Amino acid sequence: MRILEKTDREAWRRAHELGPQKTIELLKERGLTGRGGACFLTGLKWEITRNTPADEKILICNADEGEPGTFKDKLILEENSETLIEGILIAAYCINAKHAYIYLRGEYHYLREKLKQTIKQLLKDVVSDLNIEIVEGAGSYICGDETAIISSIQNKRGYPHFKPPYPPSHGLFSKPTVINNVETLTNVPLAIIHEDWSDEFRLFSISGDVLKPGVHEFKIGTSLGQIAALVQAKNAKAVYFGASGGLIPFVPNFKVSQDHVCKEEAMLGACSLIFVSKNRSVLDLAINIAQFFTHESCGKCTPCREGNVHTLKLLEKIKEKKATEKDLLLLEKLSKMIRDTSLCGLGQSCTNHILTAMKHFPDDFR
Amino acid sequence: MSSETKKDILINILKDIQRNYGYLPEEKIRKLSKKLDIPVTDIYSTATFYSMLNAEKKGKNIVRICNSPSCYLKGSLDILKETKKILNIDVGEITKGGKFSLELTSCIGCCDKAPAIMINEELTTDVTKGMLKKLLK
Numbered sequence: 001m002r003i004l005e006k007t008d009r010e011a012w013r014r015a016h017e018l019g020p021q022k023t024i025e026l027l028k029e030r031g032l033t034g035r036g037g038a039c040f041l042t043g044l045k046w047e048i049t050r051n052t053p054a055d056e057k058i059l060i061c062n063a064d065e066g067e068p069g070t071f072k073d074k075l076i077l078e079e080n081s082e083t084l085i086e087g088i089l090i091a092a093y094c095i096n097a098k099h100a101y102i103y104l105r106g107e108y109h110y111l112r113e114k115l116k117q118t119i120k121q122l123l124k125d126v127v128s129d130l131n132i133e134i135v136e137g138a139g140s141y142i143c144g145d146e147t148a149i150i151s152s153i154q155n156k157r158g159y160p161h162f163k164p165p166y167p168p169s170h171g172l173f174s175k176p177t178v179i180n181n182v183e184t185l186t187n188v189p190l191a192i193i194h195e196d197w198s199d200e201f202r203l204f205s206i207s208g209d210v211l212k213p214g215v216h217e218f219k220i221g222t223s224l225g226q227i228a229a230l231v232q233a234k235n236a237k238a239v240y241f242g243a244s245g246g247l248i249p250f251v252p253n254f255k256v257s258q259d260h261v262c263k264e265e266a267m268l269g270a271c272s273l274i275f276v277s278k279n280r281s282v283l284d285l286a287i288n289i290a291q292f293f294t295h296e297s298c299g300k301c302t303p304c305r306e307g308n309v310h311t312l313k314l315l316e317k318i319k320e321k322k323a324t325e326k327d328l329l330l331l332e333k334l335s336k337m338i339r340d341t342s343l344c345g346l347g348q349s350c351t352n353h354i355l356t357a358m359k360h361f362p363d364d365f366r
Numbered sequence: 001m002s003s004e005t006k007k008d009i010l011i012n013i014l015k016d017i018q019r020n021y022g023y024l025p026e027e028k029i030r031k032l033s034k035k036l037d038i039p040v041t042d043i044y045s046t047a048t049f050y051s052m053l054n055a056e057k058k059g060k061n062i063v064r065i066c067n068s069p070s071c072y073l074k075g076s077l078d079i080l081k082e083t084k085k086i087l088n089i090d091v092g093e094i095t096k097g098g099k100f101s102l103e104l105t106s107c108i109g110c111c112d113k114a115p116a117i118m119i120n121e122e123l124t125t126d127v128t129k130g131m132l133k134k135l136l137k
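Chains V and F are the protein sequences, given in the same order. Take the first sequence: its letter number 156 is residue 156 in the numbering used here, and every next letter is one higher. Take the second sequence: its letter number 8 is residue 8 in the numbering used here, and every next letter is one higher.
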């Protein structure tokens, strides 16, 4: 896996030779996009931040992967934190930040000490005075949202905020802020030094009903059948994209890409594939995922806070065989209403799993 | 870094207090409030938002069983059932004598080694029912 390659600070040296503007241009040319799911051009994000007039700029590394089924950033933090820190140093250099935060999910507490050692070593190696501070999350799914991370670091409840303004112009402590996740920042040094680096390769976290779960690197467009063969997913019925991305039925020649997944009204997100085998009822999974969203809704806006409680109740009613045709229609209507009227990405995506499951597996809801 | 942006990170401090006391005792919050010049109510507002921060006393050891889809597919509910049996408590309760609290948790990032549980800040993966007795001693 290229993502685990060490660069021996070569990318840092190269970035210094080029200077910030040309390094940004190079990353734009290479086509590096954010790995959090939004696929925004990383170089462009940096450029906006760099060009926003302010006395101070800030960098945040989002190491709070909390999407169910996602564990790829953990692999990087465990096995290649030095390339990640090199990416952080380059990003801070390019946007002219003197301070960077790593928002590390609380569950990854055991990685903190090692990360601190790597930071110390890298700062020494490259003679940088960048101040890198680790902030540990404390169990909140919504803090993976960039505006919620900002609230959390500012000592508030981890509430998301309406955008615009976007963090590159108005972020942490109202300063222009770049927020990139672990996989994106680790790709920065690799994209700088390798001419054949391609944005098409992604880390996939694969779990569920498979014999060989784990993190794999696949080219975007790889078929579900190829992936299933590698991880030994037998008798697959459906594939979930995390909890928020919804599901698609398992079709071996389905090419996994943002566009193809989107056409099925699901979302590829951070490439977390949870395989579900034929002996499962997606209704049971729907109840499990609805419990998750009911618990993780931050409570700020009504559609998500109240809506999730009621979708869960309706799903349980269906499970108890007490639901009427009207209840099924209500579930669909409510799911769409939550999607269309919630404030943040969590609320807007938390019923994808219900809508896609009802569309593709209506019999499981009877 | 300017004074405008250089701030103590509340969440880090609260976690340190919790590591010492198992939860966030009121007197410590009051002291912290004076030290950081943040109202007590604001500290509680932040603390109660996060599921890993405990404003109230819990068991000396907190057992969190992951019930996210990947762990669910690998039998997290069986692990929960067995844990309840061994500890003789339900989710949200504390054992007699206060040694353990039991909670369900959202994804803890161990989906490739499911089912997984977390005891305090330590992760245990590929958990089987047979392993629980030793883990919950």
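Hints listed in this document are in silico derivations from the structure and should not be mistaken for laboratory results. Just so we're clear, the structure is a prediction, and the values are computed from it rather than from any experiment. Positions of the beta carbon are idealized from the N, C-alpha and C atoms, including for glycine. Any given hint might turn out to be false.
[Said to hold, decoys possible] From chain F, some residues computed to sit far from chain V (all C-beta separations above 10 Å): (1) Lys-15; (2) Glu-27; (3) Val-40; (4) Glu-121.
[Unchecked claim] Using C-beta positions, here's what the derived DEER-type ranges look like: (5) F/Lys-96 <-> V/Cys-39: 24 to 30 Å; (6) F/Leu-36 <-> V/Thr-341: 35 to 41 Å; (7) F/Glu-27 <-> V/Ile-193: 51 to 57 Å; (8) F/Asp-16 <-> V/Ser-281: 41 to 47 Å; (9) F/Lys-137 <-> V/Ser-281: 55 to 61 Å; (10) V/Gln-232 <-> F/Lys-35: 24 to 30 Å; (11) V/Asn-279 <-> F/Ser-33: 50 to 56 Å; (12) V/Tyr-110 <-> F/Tyr-21: 16 to 22 Å; (13) V/Lys-163 <-> F/Thr-48: 46 to 52 Å; (14) F/Lys-57 <-> V/Lys-120: 32 to 38 Å; (15) V/Asn-96 <-> F/Ser-45: 30 to 36 Å.
Outcome of the hint check:
| no. | hint | result |
| --- | --- | --- |
| 1 | Lys-15 | 6 Å, violated |
| 2 | Glu-27 | 20 Å, holds |
| 3 | Val-40 | 13 Å, holds |
| 4 | Glu-121 | 5 Å, violated |
| 5 | F/Lys-96 <-> V/Cys-39: 24 to 30 Å | 53 Å, violated |
| 6 | F/Leu-36 <-> V/Thr-341: 35 to 41 Å | 37 Å, holds |
| 7 | F/Glu-27 <-> V/Ile-193: 51 to 57 Å | 54 Å, holds |
| 8 | F/Asp-16 <-> V/Ser-281: 41 to 47 Å | 45 Å, holds |
| 9 | F/Lys-137 <-> V/Ser-281: 55 to 61 Å | 37 Å, violated |
| 10 | V/Gln-232 <-> F/Lys-35: 24 to 30 Å | 55 Å, violated |
| 11 | V/Asn-279 <-> F/Ser-33: 50 to 56 Å | 54 Å, holds |
| 12 | V/Tyr-110 <-> F/Tyr-21: 16 to 22 Å | 21 Å, holds |
| 13 | V/Lys-163 <-> F/Thr-48: 46 to 52 Å | 26 Å, violated |
| 14 | F/Lys-57 <-> V/Lys-120: 32 to 38 Å | 37 Å, holds |
| 15 | V/Asn-96 <-> F/Ser-45: 30 to 36 Å | 34 Å, holds |
Comparing the model with each earlier hint shows violations of hints 1, 4, 5, 9, 10 and 13; every other hint is respected.
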